[in-house]
Each structure stands twice: as structure tokens, then as C-alpha cells.
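With chain U's structure known, arrange chains F and X on it following the hints.
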Amino acid sequence: MKNDTTPISRTAFMEELRRYQKGSVTRRHFLGVTGLGTAMAVMGGALPGLLPTRARAQDIGDRVVLATWPNYHDPANFDAFAQQTGALTQVNVFGSNEEMLAKIQAGGSGWDVFVPTNYAIPTYVMADLIEPLDLSKIPNYDAAAFDQRFATAGTIDGKVYAVPKNWGTTGIAFNSTKTGGIVDSWKTFFDGARDKFDGRVMVHDYQLTTIGNALVYHGFSFNSVDPAELAEAEKLLIDVKPHLYAISSDYQPAMRNGDAWLTMCWTGDGKQMNVDMPEIGFALGKEGGEIWSDYYAIPKDAPHKDAAYALINYLLDPNVNATEALAHGYPVADSRTNALLPEALLNDPILYPAAGALDPLEFGAAVTLTDPNRAEVMARFKSA
Amino acid sequence: MMIQNPSMADAASTDVAPTEVVAEFAGATKRFGAVLAADRINLRIRRGEFLSFLGPSGCGKTTALRMLAGFEAPTEGAVLIDGKDVSAVPAHKRPVNMVFQHYALFPHMTVAQNVGYGLRQRRPRLPGAEIAQKVDAALAKVRLADFGARRIWELSGGQQQRVALARAIINEPQILLLDEPMAALDAKLRGEMQRELLELQRSLNVTFVLVTHDQEEALSMSDRICIMGKGRIAQVGSPQELYDRPRNRYVADFVGRANIVAAKIIARQGGIAQAVLGNGATIGVNDLPGDTRGKAEIAIRPEALTLARGKDAVPEDTVALPARVTHRTFLGDRTEYLLMAEGIGPLQVNSPRQAASAIGEHDVGAHVRVLWRAGTGLVLAADI
Amino acid sequence: MAMTQTRGRALLLTPAALWYAALLLLPLAVVLIFSFGERTPIGGYAPGFTLAQYANLPARMAAFRNTLTLAPVGTLAALLIAYPLAYFLAVRVSVRWKTLLLVLVIVPFWTSILIRSYAWIFLLGGKGLPALLASIGFEDIRLLNSPFAVLVGIVYGYLPLMVFPIYVALEKLDLRLLEAAADLGAPPWRSFVQITLPLSMPGVLTGSMLVFILLMGEFLIPAILGGGKVFFVGNALVDLFLQSRNWPFGSAVAVALVVIMLITVAIYTRVVKRYAAGRDDVAMM
Chain U
1 MKNDTTPISR TAFMEELRRY QKGSVTRRHF LGVTGLGTAM AVMGGALPGL LPTRARAQDI
61 GDRVVLATWP NYHDPANFDA FAQQTGALTQ VNVFGSNEEM LAKIQAGGSG WDVFVPTNYA
121 IPTYVMADLI EPLDLSKIPN YDAAAFDQRF ATAGTIDGKV YAVPKNWGTT GIAFNSTKTG
181 GIVDSWKTFF DGARDKFDGR VMVHDYQLTT IGNALVYHGF SFNSVDPAEL AEAEKLLIDV
241 KPHLYAISSD YQPAMRNGDA WLTMCWTGDG KQMNVDMPEI GFALGKEGGE IWSDYYAIPK
301 DAPHKDAAYA LINYLLDPNV NATEALAHGY PVADSRTNAL LPEALLNDPI LYPAAGALDP
361 LEFGAAVTLT DPNRAEVMAR FKSA
Chain F
1001 MMIQNPSMAD AASTDVAPTE VVAEFAGATK RFGAVLAADR INLRIRRGEF LSFLGPSGCG
1061 KTTALRMLAG FEAPTEGAVL IDGKDVSAVP AHKRPVNMVF QHYALFPHMT VAQNVGYGLR
1121 QRRPRLPGAE IAQKVDAALA KVRLADFGAR RIWELSGGQQ QRVALARAII NEPQILLLDE
1181 PMAALDAKLR GEMQRELLEL QRSLNVTFVL VTHDQEEALS MSDRICIMGK GRIAQVGSPQ
1241 ELYDRPRNRY VADFVGRANI VAAKIIARQG GIAQAVLGNG ATIGVNDLPG DTRGKAEIAI
1301 RPEALTLARG KDAVPEDTVA LPARVTHRTF LGDRTEYLLM AEGIGPLQVN SPRQAASAIG
1361 EHDVGAHVRV LWRAGTGLVL AADI
Chain X
2001 MAMTQTRGRA LLLTPAALWY AALLLLPLAV VLIFSFGERT PIGGYAPGFT LAQYANLPAR
2061 MAAFRNTLTL APVGTLAALL IAYPLAYFLA VRVSVRWKTL LLVLVIVPFW TSILIRSYAW
2121 IFLLGGKGLP ALLASIGFED IRLLNSPFAV LVGIVYGYLP LMVFPIYVAL EKLDLRLLEA
2181 AADLGAPPWR SFVQITLPLS MPGVLTGSML VFILLMGEFL IPAILGGGKV FFVGNALVDL
2241 FLQSRNWPFG SAVAVALVVI MLITVAIYTR VVKRYAAGRD DVAMM
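Protein chains in written order, with this note's numbering: chain U, 1 to 384; chain F, 1001 to 1384; chain X, 2001 to 2285.
Wrong hints could be hidden among the right ones.
As the list claims (entries may be wrong) - Just a sample of chain X residues kept apart from chain F, beta carbon distances all over 12 Å, derived:
(1) Y2020
(2) T2040
(3) P2187
(4) L2210
(5) V2258
(6) V2265
(7) V2271
(8) Y2275
Stated by the list, open to error - Pair ranges (Cβ atoms, derived):
(9) A1184(F) x L2028(X): 46 to 54 Å
(10) Y2020(X) x K187(U): 51 to 59 Å
(11) K1230(F) x V2095(X): 46 to 54 Å
(12) A1183(F) x L2262(X): 45 to 53 Å
(13) K187(U) x T2069(X): 32 to 40 Å
(14) L2262(X) x P139(U): 58 to 66 Å
(15) L1189(F) x F2109(X): 33 to 41 Å
Said to hold, decoys possible - What the simulated footprint calls covered on chain U by chain X, stretch by stretch (three residues with Cβ under 8 Å from a Cβ of chain X suffice, anywhere in the stretch; the number is not a length):
(16) 120-131
(17) 211-223
(18) 228-241
For the record, the hints were derived by calculation from the structure and aren't laboratory data.
Note that the Cβ used here is the ideal one computed from N, Cα and C, for glycine as well.
With the rest of the complex left out, here is chain U (with noise of 0.2 Å):
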């Protein structure tokens, strides 16, 4: 408690800073809103020209260009990418499958591989914006490899359009020093908001988890876009706005300073926090919620498609995967990289929650994503 009231040291200050700097302030939404989805980092270091060069056995260019999360990655592994093809990865970060979703569709994106999720795909294929992956040229995807659960969202029509990459969930994080221990249900979480926990709550600037965990408590599914669940949903939310701390997705900072003791939360920064603040604690709601699966896909109108396949198969070479995990903390369904991990990260019960407490979680569904009623809620909501 005494710690609360402390201000904010200036180191203290100088680390938040820097995470803004690196981009690691938001996960998703936050980098949306704030129109810095165009941030992009030169990864490699070198010019072409200062590469060492050798004689390849294909030449892929010299640049490949990838759209994914803050924090994604790996980025020794783009060193080595480079060294290895001579191809120069450029990563643009993105806030949302929204936005994402948002400039392909305007066209001209530039991107050669990005990192859709699950429920974003079949609209990528409606919308003629993706292909099915030649994936003679991804040998390292071995399908029998993968976890289905977190495959099949990229397998459309018996067509792969894109393979996964890494999974998690959407939980509560909670401050068990505030909140007197535990808190794993929708129902805790939305009361408490209301009652001991009053200015302390933050959901997500996001309508597919707030909304989403908004109908959990109700108990309809947490894809609904029934007009008549949407609508109590929509209650809900209103009724509790006057007593959240915010509505954003950029919750870190609040909650390792103390001024926010619960919000929904992603596996990673679940993880995040948790490492570096034990009491701090991750916990899925037992009534339902989100589980997803990222994916890798190239855009129908990727300039350096060679480059992109080639990218692919790099990260999703076990060694690799496992290197890249190692740096983000993000579950993986690939059993060749999981044999390469260590015991400890496998058996953490915030990446990997016993296999129960998956089970009354849902995949996003690709409604959730086009719904204009679900936009409207959202809307609604944040500006009552």
C-alpha cells in the first residue's frame, strides 16, 4: 500500500518511456487508435551493399516486408534471415486485425507476409485478399506437427491459406494484493467493477473481448452478435463505464503502478507482468472467453512473394520458433519447437493452463469482425 503513494521515480520514468519508444506500450489496440500502425524498424542493421556476399542457391531479392504485433519476435532471428538470404526484413507493427484488415483492403500495403488471426482469415479469403500457400516452398510446416485446435483457422475449403504461428488467450489479470486473491470469473470481474473494485477495472479498447466478455457474463457466446444479447451486453458495459479506471488496451503500465488492480488480458502480458511482479496474477475466466491462434499469410498482392515463402519456412524452422518464443513468451503448437523448450516454460500454468480450463473458451468467429452491430455497441459504449 505504502508503495502506491510513492511517485514515480525518475528511472522508474525513463523505463515507461522506453517501452513507449520500442513500441511495446500497446498490444493491439492502443497503436490503432493512436494512428502509429505505420511505425516500421529496419531490421538487419546493413545495408545490401555491406552484406557479405556469396553465391545463393536462389536469390530472393533483397527485402521482404512483414505487418505483425509489437514484441512478436525474435530480432537476432532477422539478423541471421539476412545473413543467410540477403534479404532485408522490414517489420511494420500493427494494433489490430482491424487495421491490419483496414490497409490491405485500401490496397497497396507493400507487405509480403503478415500475421492474421484466427476469426480475420475467412475474411481475407471472402474478400479475395489472400491465396492458398504453395506450401511445397514451406517445408518446415509439418501439419502433423501442429496442434489442429490451432491450425484449422488457416484451412479454408480443404485450401491452406495460412499456417500458425503462436496461440494464447484473453484472461483477467489481477492484482491478488488488491483484489484479496484470485479473480477467474467474468461475473468478479464486472460486479467487482461496480463495487470494491470502483475506478480500479480496464477493459480493452476492443469490441471483440469487451464485448466479447461482456456476453460471457451473461452467459451467451462470447461470438454473439444476437441483437437481443448484444443489447444486454451493451447494459452492461454502460452501466459499469462511470466506474472503470479506462477503457484501453494499453493496460501495463497502469497495473504495474498500482492504479489499476484488474483488466483483461493477454497471454503474454499476463506473463509479462507477472515475471516481473509476482503478485500480479493471470486467470481465464471460468465462465468463457477468447482463445486464439495467429497465423502467417501472404497478401495476394505481395511485391517479393519468394522472399515471403522463404521467411515463412525460416521462422517456422523449430530451432527458430523455439529462439522466438524464448523472446516473446507466447505459446506455441508446433510439438517439434515445444521439444525444444524448456520444462519450466511448458509447465507454466499462464502459458499453458491445464487443458480444462481451455475448454469453455472460444475461437473469435469471422462474424465478429464485419459485424456492424457490434461496432455500433462499441461505439455506443465508449461515448456514453
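Using the frame of chain U, we list chains F and X on its own:
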């Protein structure tokens, strides 16, 4: 000051009877940091008189005026108005008004609003009708009867000056202060305005205090002139007094033209000093009261000297100084000669037209005699 | 000769005209066309001609209401803080310090508004100002994620834009006018109201206009310091274009916002014109 110049300052302030005094500087001194802008000024201003502060820029005349207006408080000494020490009274509470150098008219107000500004500051408020009527009267007085609705920038310089005048007199001040009011006008307009100002002063019967660097303006308008230099009063007196009896070299130089020659004083009696000039000639000159010096500078006006040819007879009480014409300027009504007098140095002689026509002009290089009549020269004090 | 001059001038103006057309008119035209279109089932834009998007505008009424409340309040608050500051800089500060102080006013502008707003998160957050207040006995004061925090951020962010026009107007103020007013019997506060204030109005109007127009489109500060709970038209636009990808409706909202801004500018122009009619020192800025 008393020691440096025994009689002057005292005489200047004591020659106004106490009942006639409208304002007084009593040892008023103003310092701006290390700069001494006004140095122990002692001066009484007579009710109803037209007094000018005359001097070059930086002489302290503006500082004196601003102390009277209330824009500067004296560092030492006091300023009195109507017998009361007003040194600490702010400008807006003093019964004086000012015509500013560039008029300082309010650009966002009409002529009538400018003129009525002073009346609108009265508390309790004056009725609008009364203000309007007084504004009309004031505008009529400065011959701008139909200009009330005009905008300031629509007026000529002379008209703006009259608005400034009307604005300043409407409050019926005890003293009207004029800070170089004619400086921005062309020569012809300036003459006109000077006459109008004098008429106005007579009709209002208000004390006018004018600051100017223009000696002609001061000489032609003032009842008394206060000549200032180096922050001090050099001499106070009527225009004639200053011209005929300049007290020191500074005044003699500043008002009109004067020849200044060094001399030895060998005897003094009854206000006449016997001065031995550089060429050995002895001449009686007006003495400086109280002076005891053996050496002094003598001032003689160029028009007090006359020229004669070698063979002409020398009148009584006159010395003839041999000289050579070095420069001649014909000016219509007179001719100005610059001469080199033996043992004395350069002299200027102004020869009126009729004199020249009687004895003819002298050519450059001609040897002539300069005639100096007893009683026309004047012993000068050492300094201000 | 004249021909050459005309042609030369036309040649000189061409890049500016093209620039203007390409960067302002073209996007505006696109937005206008989009606003009459329809949303495809997966978002984006489908050609059409319908007024449905405009009919739907009341759905964002709350956002417009918030914007039209906070923009004037923010402008006023910025004005109330900027005016004394500009007055101090223009009238009171000695020439020696003036440049340094002016630079200090500008310096924050060299940093991204995002970073500066983030600094306010820490200042207004639990370990910032509230912690200091708690140490002197005011417990549990929450400042962040409130309209107040948004107001603070707005005033802070837009202060230089308000300070400079007012500073320029006050810098031009002839201090002898104040002496003249004092000489005519006006105490200091009255000469301020009657002389200084009216003569600095061009700066006040320009600054207010700049800040008001920018506030109308503001989305960053409410998103960061309002904790997402303060929702402006700007935020509605971001959500419509980047989240729900309802481009036609987003375009209609944008057109409505532009119309409101144009009306504001028209009122401003009229006020300044009326003002300028009686003045030689007021020009449209």
C-alpha cells in the same frame, strides 16, 4: 549644485512667488540604474505660464516631464502639485494631462471616443449626454467639430495632434504637458500649430509645460524656458534673458550663436568687468554676479560686432580687433562673416544689409577690423 | 513583357496549386464521394448513392456533443492560461530574458505530442500528483482518465499555439497608449480592459481559432489521458476507419465535422471583419 553655481537654481525657483506656484520640483533626482537622468532639479512653475524644457536629447527634460506626469517617481527629492507632495501619487490620480510625442491616440476608438476617454474614467460616472456635449465642445475648440465619428488613421498628422490636444484638455487639467508635440509635423504646419497652441493657452488659461529640442519653438512660445543639460538645469529665464544674458557657455551656445573668447579679468566694479583679450586690448563687459575669477570666457553675439576698414575711425568705448576674412555667407537680410582675429582666434560677425550697402562687402582674404563696443560682452560661468 | 510576367507567375504558382489540389481537395472529394456510398458486408466502401450515412449521424451524437463541449472549454482554458503568459513575455520580461523564455515555450513542441501526453500519464497517475497530494493529507484523489485530465492535456498541448499569436499582438502594443490611459485617469486594471485587451483581440481570436479547430479534430489526448472514456468525434473517426472499417459512415462523420469547422471559420471571419472595419491594425490571419 549650490557650490558649483551659486545663484542660478535658487534664483530660478525663488523668483516665483509661493502663491503663484502650481507645481514644483524640489531637489527631484531620478536615477535609472547607473544613469543619472535628472540631477537635483529645483524649479517652480507659475500658474498660467507657458514653460518650456529645452535641451538636446538625453538632457533630462523628458524625465522631468514624466516625473510631473507621474510616469516616473523621483529617486530622491519630491514633486509637488498645488503644494502637495505627489511623488507617490500614480499618474491616473494627478490633475495633469499630457499630449504625447506621437500622440498615443487609441487606434481602436473613434475621434470622439478618444477625446471622451478621460471623462469616461470619472467616478462617479458622468451622464453620457454631458460627456457628448463636452466632447463636442473640446473638438470645436481644436477646430475638429465634425470629426467625432472619424477613425484615427483617417486623420492627417496635424488633425491627430489636435485630437490629442482635445483629449488632454477635456479633463481641465491644472497643467497641460506637451512632449515634443510638434516633432512629427512638417515645418509649415508646425508654425501654424504653434500659433494655435498659444491661442489655446490664452483662452484656457491653463499652465502649459512643453518639452522640446527646438530652440526656435521654445523661444517663440514660452514665457519662460528651462534649459537643461546633463540632467541639470542650466538656466531658467525668459527668452530675452536667456539670449541677452546666458549664464554659461552651454546656454550661450544653445540659444542663438555666440562668439566665446578667453580673457583675463583685471578689474570689476558696478557689474562691469575689465577684460583683457588675447591681443592685449581691454574692453568692459557685463560681469557675472559674485564671480571672482581672474580668467574667464566672454560671450559676444555675432550681431553685436561690426566690421570696419583699416582707415575708418573707431568710435568711443570701442576696441578694434585686426582680423582677416576667412569665409563669407550672403543671407539676404544679412551677411555672415567668419574671421580670424589676431591673438584671439575665429570670430563670427553678422552684418545687416543696410550696413553692408553703406560700407560695402568685404572679400575673403581682406584685412578688416572688428569693432567691439563696451558693455556688449558677457562673462560666462564655468559650467552648468 | 507583361505576357512573360503573367506566364512566369503562373509557372511559379503551379506547384502550389497542384500541391493544394492533390493534398487537400482530392482527399476531400474522395471523402465526400465515400460519404454517399455503402459499407460492404466485410467493411470498406461500395459505390452507391444513399443518404443513409448522413441519416445515421445521430448515432455519433454523443461524440459530437463531447467535442463541441470540450473544444470551447479547452480553448477558453488555454486562453485563460496563455494570456497572462503572453502578456508577461511581451510586456514585462526584459529583452535579455525574452528570447530564452520564448524558446522555453516552444521547446516542448519539438517533442511528439504522444510522448508529452505520456509524461502526463505519469504526472497525473497514482504515483504522480495524487501521491504528492496524499502526502499532504488529500487521500485517494484520482486525476487520470477523466475529462479533467483531458483538459489538462489539451491546454498543455495547445498552449504555444495560443501564446504566440497573443504574444505577437501584445508585442506590437504601444506602451505609451497605457501611459495615455493612465494620464487620462484610468487605473491599471481599467486600462487593461479598455486598451490592452481590445488591442490584443486579433491575437486572441487567431489563437482561439487555431486551438478550437485543432481541438475539433483531436483524438490523441482524449485517448491517452481520458483512458478511452472521453470520446471525441476524432476518436469516432479513428474507430470507424480503423476498427469497424465503416468508411462511408466515417466519411459522413468527417464531412459533418468539416462542415462544423467551416461554419466556425465563417463566424470567425465575420467577427474579425467587423472588428477590422473599425481598425487599421487588424488583419485577417
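Against the structure, the hints:
1. The beta carbon of Y2020(X) is kept farther than 12 Å from every beta carbon of chain F, the shortest such distance being approximately 34 Å.
2. The Cβ of T2040(X) sits about 58 Å from the closest Cβ of chain F, beyond the 12 Å cut-off, so the non-interface label holds.
3. The non-interface label for P2187(X) is inconsistent with chain F: the shortest C-beta to C-beta separation is roughly 5 Å, within 12 Å.
4. The non-interface label for L2210(X) is consistent with chain F: the shortest C-beta to C-beta separation is roughly 22 Å, beyond 12 Å.
5. Listed as a non-interface residue, V2258(X) keeps its Cβ farther than 12 Å from every Cβ of chain F; the least gap is roughly 34 Å.
6. Even its closest Cβ contact with chain F, about 24 Å, leaves V2265(X) beyond 12 Å, as expected for a residue assigned away from the interface.
7. With 12 Å as the threshold on Cβ separation, the claim that V2271(X) sits away from chain F holds: the shortest Cβ distance comes to roughly 14 Å.
8. The beta carbon of Y2275(X) is not kept farther than 12 Å from every beta carbon of chain F, the shortest such distance being approximately 9 Å.
9. In this structure the hint that A1184(F) and L2028(X) lie 46 to 54 Å apart at CB holds, the actual value being about 51 Å.
10. A beta carbon spacing of about 57 Å between Y2020(X) and K187(U) agrees with the range 51 to 59 Å that was offered as a hint.
11. The beta-carbon spacing between K1230(F) and V2095(X), approximately 27 Å, falls outside the hinted interval of 46 to 54 Å.
12. Roughly 49 Å separates the CB atoms of A1183(F) and L2262(X), a value that falls within the hinted 45 to 53 Å.
13. Take K187(U) and T2069(X): their Cβ atoms lie about 35 Å apart, and the range 32 to 40 Å holds.
14. About 60 Å separates the C-beta atoms of L2262(X) and P139(U), a value consistent with the hinted range of 58 to 66 Å.
15. Taking 33 to 41 Å as the suggested C-beta distance range, the pair L1189(F) and F2109(X) does not conform, at roughly 50 Å.
16. Evaluation of the coverage hint for the region 120-131 of chain U: fulfilled, as 3 residues show C-beta separations to chain X shorter than 8 Å, against a requirement of three.
17. Coverage of the region 211-223 of chain U by chain X is violated. Counting CB-CB distances below 8 Å, 0 residues qualify, and the rule asks for three or more.
18. Only residues whose C-beta sits within less than 8 Å of a C-beta in chain X count toward coverage, and the region 228-241 of chain U has 1 of them, not enough to reach three; the restraint is violated.
Violated hints, in rising order: 3, 8, 11, 15, 17, 18; the structure is consistent with all others.
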